[in-house]
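Student: Start from the sequences and build out the full structure, keeping to the hints where you can.
Now for the letters of each chain:
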Amino acid sequence: MKIKPLSDRVVIEALEAEDKTSGGIYLPETAKEKPQMGKVVAAGAGRVTDAGETVKPEVKVGDKVLYGKYSGTDVTVDGKDYLIVRESDILAII
Amino acid sequence: MKIKPLSDRVVIEALEAEDKTSGGIYLPETAKEKPQMGKVVAAGAGRVTDAGETVKPEVKVGDKVLYGKYSGTDVTVDGKDYLIVRESDILAII
Amino acid sequence: MKIKPLSDRVVIEALEAEDKTSGGIYLPETAKEKPQMGKVVAAGAGRVTDAGETVKPEVKVGDKVLYGKYSGTDVTVDGKDYLIVRESDILAII
Amino acid sequence: MKIKPLSDRVVIEALEAEDKTSGGIYLPETAKEKPQMGKVVAAGAGRVTDAGETVKPEVKVGDKVLYGKYSGTDVTVDGKDYLIVRESDILAII
Amino acid sequence: MKIKPLSDRVVIEALEAEDKTSGGIYLPETAKEKPQMGKVVAAGAGRVTDAGETVKPEVKVGDKVLYGKYSGTDVTVDGKDYLIVRESDILAII
Amino acid sequence: MKIKPLSDRVVIEALEAEDKTSGGIYLPETAKEKPQMGKVVAAGAGRVTDAGETVKPEVKVGDKVLYGKYSGTDVTVDGKDYLIVRESDILAII
Amino acid sequence: MKIKPLSDRVVIEALEAEDKTSGGIYLPETAKEKPQMGKVVAAGAGRVTDAGETVKPEVKVGDKVLYGKYSGTDVTVDGKDYLIVRESDILAII
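One line per chain: the protein sequences are A, B, C, D, E, F and G, in this order. Under numbering that gives the first Met the number 0, the letters of the first sequence match residues 0 to 93, in that order. Under numbering that gives the first Met the number 0, the letters of the second sequence match residues 0 to 93, in that order. Under numbering that gives the first Met the number 0, the letters of the third sequence match residues 0 to 93, in that order. Under numbering that gives the first Met the number 0, the letters of the fourth sequence match residues 0 to 93, in that order. Under numbering that gives the first Met the number 0, the letters of the fifth sequence match residues 0 to 93, in that order. Under numbering that gives the first Met the number 0, the letters of the sixth sequence match residues 0 to 93, in that order. Under numbering that gives the first Met the number 0, the letters of the seventh sequence match residues 0 to 93, in that order.
These aren't lab readings, by the way, just hints derived from the structure by calculation. Keep in mind that the hints are not guaranteed to be accurate.
Stated by the list, open to error - Capping the alpha-carbon separation at 25 Å, the derived lysine-lysine pairs in BS3-like fashion look like this:
(1) F:K79 to F:K59
(2) F:K79 to F:K63
(3) B:K38 to C:K68
(4) A:K68 to B:K63
(5) B:K68 to B:K1
(6) E:K1 to D:K38
Unchecked claim - Covered by chain E, according to a simulated footprint, are these stretches of chain G (three or more residues, beta-carbon under 8 Å):
(7) 4–11
(8) 46–59
(9) 72–83
Claimed, not checked - Have a look at the derived ranges for each label pair, beta carbon to beta carbon:
(10) A:D77 to F:K1: 49 to 57 Å
(11) D:T53 to G:T53: 42 to 50 Å
(12) F:T53 to G:A13: 27 to 35 Å
(13) B:K55 to C:A13: 30 to 38 Å
(14) B:S87 to F:K38: 38 to 46 Å
(15) G:T53 to F:K55: 19 to 27 Å
(16) G:E15 to A:S87: 45 to 53 Å
(17) B:A44 to D:D80: 47 to 55 Å
(18) B:G61 to D:K1: 42 to 50 Å
(19) C:D77 to B:E12: 18 to 26 Å
(20) F:T53 to C:A13: 46 to 54 Å
(21) A:K55 to F:S87: 40 to 48 Å
It should be emphasised that the depicted structure is a prediction, and the values quoted were computed from it without experimental measurement. Beta carbons are placed, not taken as given, at the ideal position from N, Cα and C, and that holds for glycine.
Tutor: Now the structure itself:
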């Protein structure tokens with residue numbers, strides 16, 4: 000992966016909603032705010048706090064994650080679409 | 000449970016309002032802002048403060064909690080509906 | 000009391016405005032923002048600051064307090080109505 | 000005084016504007032935002048900062064103060080009207 | 000001076016705009032936001048930061064200062080008009 | 000380069016979108032918020048946190064970066080157009 | 000210079016846009032937000048952070064700087080027009 004996201008940003012490859020994942024996780028059709036499933040392909044070094052501490056990201060490359068559908072910025076690398084989000088837009092590792 | 004919520008997020012399974020719980024707790028019908036009852040099924044590691052301190056969640060898996068009805072994001076895992084909220088949306092352990 | 004409020008939240012039992020309390024304290028009829036009198040029935044462990052310090056609540060169970068009338072969330076426990084507020088919504092111990 | 004204000008709150012007894020105070024201080028009739036004169040009858044322990052430090056109030060019981068006219072919450076104790084304000088609403092000790 | 004301003008507040012006596020001050024400083028007639036010239040007659044002890052540090056004011060009694068025209072609160076002491084502003088409303092010592 | 004940006008600002012030379020970069024990175028045509036590609040030509044010393052710590056920029060001169068299209072301020076130096084952005088407007092190094 | 004700006008304020012003398020400066024720097028005619036060129040004639044001691052640290056300004060008297068055109072407050076000293084801005088309104092030293 001050639002993209003190195005800055006700060007607490009994470010590059011995500013969106014995953015097609017499957018009928019049934021290996022882990023048996025479905026995403027709701029009618030949720031108030033439908034989260035999206037994706038795979039982490041790159042993660043930044045983490046945000047730096049006011050105290051000068053770097054807070055390392057909780058996610059790592061390869062993690063499958065749920066994130067807010069309307070978060071982040073689209074980008075295309077080598078013909079594939081990715082999304083750059085802040086880690087705070089990621090709800091959970093699944 | 001296959002979901003690991005990030006930061007101070009908590010995964011909650013909503014509980015049906017019962018006529019009378021074992022603990023005798025009712026939720027009001029006509030409250031200004033009606034809280035919901037639920038069970039914690041997963042909790043994140045906690046938010047990281049500007050000082051670089053991780054604040055562990057006060058709730059733990061299995062706790063019955065009251066939370067704001069319109070908080071969080073719906074998600075479905077193994078055919079069951081859950082809610083991912085921030086711990087600050089949880090009012091109390093009951 | 001079966002409710003354990005989180006963070007800096009406090010559970011309050013509203014007190015009927017009496018003609019004259021033992022302490023002789025009246026609440027105004029026509030105030031800009033009329034405070035309510037109540038009794039603390041449960042208090043959280045306190046908020047955690049960015050420095051990772053837990054700020055213990057100033058109020059304790061049994062304290063009679065004044066609080067903003069429109070603060071907090073109603074809840075019913077064992078058939079009795081309570082209010083869950085943040086300690087910052089409490090004006091004074093009386 | 001039976002009221003113990005919380006945090007950085009202060010209980011003030013409003014003073015009638017006199018023609019001439021002993022200190023010769025007048026309040027303007029036509030000011031943009033007319034401050035009010037009053038006497039401190041109770042003061043809280045002070046606000047707690049994010050660093051966990053308690054900042055003691057600068058005012059003490061008996062001080063005559065100027066404060067914003069539309070600040071705070073009215074309350075009646077033993078038949079007398081008081082005002083509960085935050086210390087930050089107090090402009091000066093006079 | 001009988002007024003002791005709280006925190007980072009400063010009491011200012013407005014100076015009449017002169018044709019030419021001893022220091023040769025004019026205030027513009029048509030500026031976007033016209034600053035006012037005045038003399039500091041009292042200064043508070045300074046604001047207390049979240050870390051519990053008191054930040055002493057940079058201005059002292061007697062300083063001539065420029066400040067935002069619409070800042071602060073008018074007050075009259077011994078028949079003279081003053082203005083109470085926060086030090087952050089003061090642009091410069093002249 | 001004669002410009003020394005202040006704080007966490009970065010001077011960027013916009014790059015023409017190429018059909019195929021050496022790294023094979025394309026920018027999407029129809030993205031919600033289309034990021035721009037550019038080259039860092041100058042970087043500030045970094046922002047200073049409330050704790051007095053200088054947070055050095057992650058980018059350095061020569062880095063190719065993605066940044067928000069509508070960020071920053073245009074400036075012309077020696078007849079060439081540049082953009083001055085805050086480092087937080089830069090999404091990733093590519 | 001008789002003006003001592005407070006905190007992180009800086010006094011700037013606007014420079015006429017020249018056809019070609021000695022450093023060959025032009026300012027764009029049609030930029031989204033056109034920066035202005037000027038010379039620093041006075042700088043404050045710097046802002047004080049919540050931790051009680053004084054952050055010294057990066058600019059010094061004599062520096063030529065780019066700043067936001069609509070920033071700050073106009074003032075006239077000895078018949079010359081100046082601008083008082085916060086250092087954060089200054090984009091770069093040129």
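Student: Indicate, hint by hint, whether the structure satisfies it.
Tutor: Structure-based check of all given hints:
1. With a C-alpha separation of about 20 Å, the suggested pair K79 of chain F and K59 of chain F falls inside the 25 Å cut-off, and the hint holds.
2. Distance restraint check for K79 of chain F and K63 of chain F: the Cα-Cα separation of roughly 18 Å lies within the 25 Å cut-off, and the hinted pair is therefore satisfied.
3. Taken as a hint, the K38 of chain B and K68 of chain C pair is broken in the structure, with Cα atoms around 30 Å apart against an allowance of 25 Å.
4. Between K68 of chain A and K63 of chain B, the direct Cα distance comes to roughly 29 Å. Violation of the 25 Å bound is thereby established for this hinted pair.
5. A threshold of 25 Å between alpha carbons decides the hint, and for K68 of chain B with K1 of chain B the separation of about 24 Å falls inside it, so the pair holds.
6. Under the criterion of a C-alpha separation no larger than 25 Å, the hint pairing K1 of chain E with K38 of chain D is consistent with the structure, at around 15 Å.
7. Coverage of a stretch by a chain is defined here by at least three residues with a beta carbon nearer than 8 Å to that chain's beta carbons; for the region 4–11 of chain G and chain E the count is 5, and the condition holds.
8. Coverage of the region 46–59 of chain G by chain E holds. Counting CB-CB distances below 8 Å, 5 residues qualify, and the rule asks for three or more.
9. With 9 residues bearing a CB less than 8 Å from a CB of chain E, the region 72–83 of chain G meets the requirement of three and the coverage assertion stands.
10. Judged by the Cβ atoms, the range 49 to 57 Å given for D77 of chain A and K1 of chain F is violated: they are separated by roughly 37 Å.
11. Between T53 of chain D and T53 of chain G, the C-beta spacing of about 25 Å breaks the proposed range 42 to 50 Å.
12. Range check, T53 of chain F to A13 of chain G: about 30 Å between beta-carbon atoms, so the 27 to 35 Å window is met.
13. Under the hint 30 to 38 Å, the C-beta atoms of K55 of chain B and A13 of chain C, about 33 Å apart, fit the expected range.
14. Between S87 of chain B and K38 of chain F the beta carbon distance is about 42 Å. The supplied range of 38 to 46 Å therefore holds.
15. Here the CB-CB span from T53 of chain G to K55 of chain F is close to 20 Å, well matched to the stated 19 to 27 Å.
16. The hinted window of 45 to 53 Å between E15 of chain G and S87 of chain A holds, with their beta carbons roughly 46 Å apart.
17. A44 of chain B and D80 of chain D have their C-beta atoms about 51 Å apart, which keeps the hinted 47 to 55 Å range intact.
18. Taking the beta carbon of each, G61 of chain B and K1 of chain D are about 43 Å apart, inside 42 to 50 Å as hinted.
19. Between D77 of chain C and E12 of chain B the C-beta distance comes to about 24 Å, which sits within the given range of 18 to 26 Å.
20. At roughly 52 Å, the beta-carbon separation of T53 of chain F and A13 of chain C lies within the given 46 to 54 Å, and the hint holds.
21. Checked against the hint of 40 to 48 Å, the C-beta distance between K55 of chain A and S87 of chain F comes to roughly 18 Å, which is inconsistent with it.
Figure legend: structure checked against the earlier numbered hints; hints not met, in rising order: 3, 4, 10, 11, 21.
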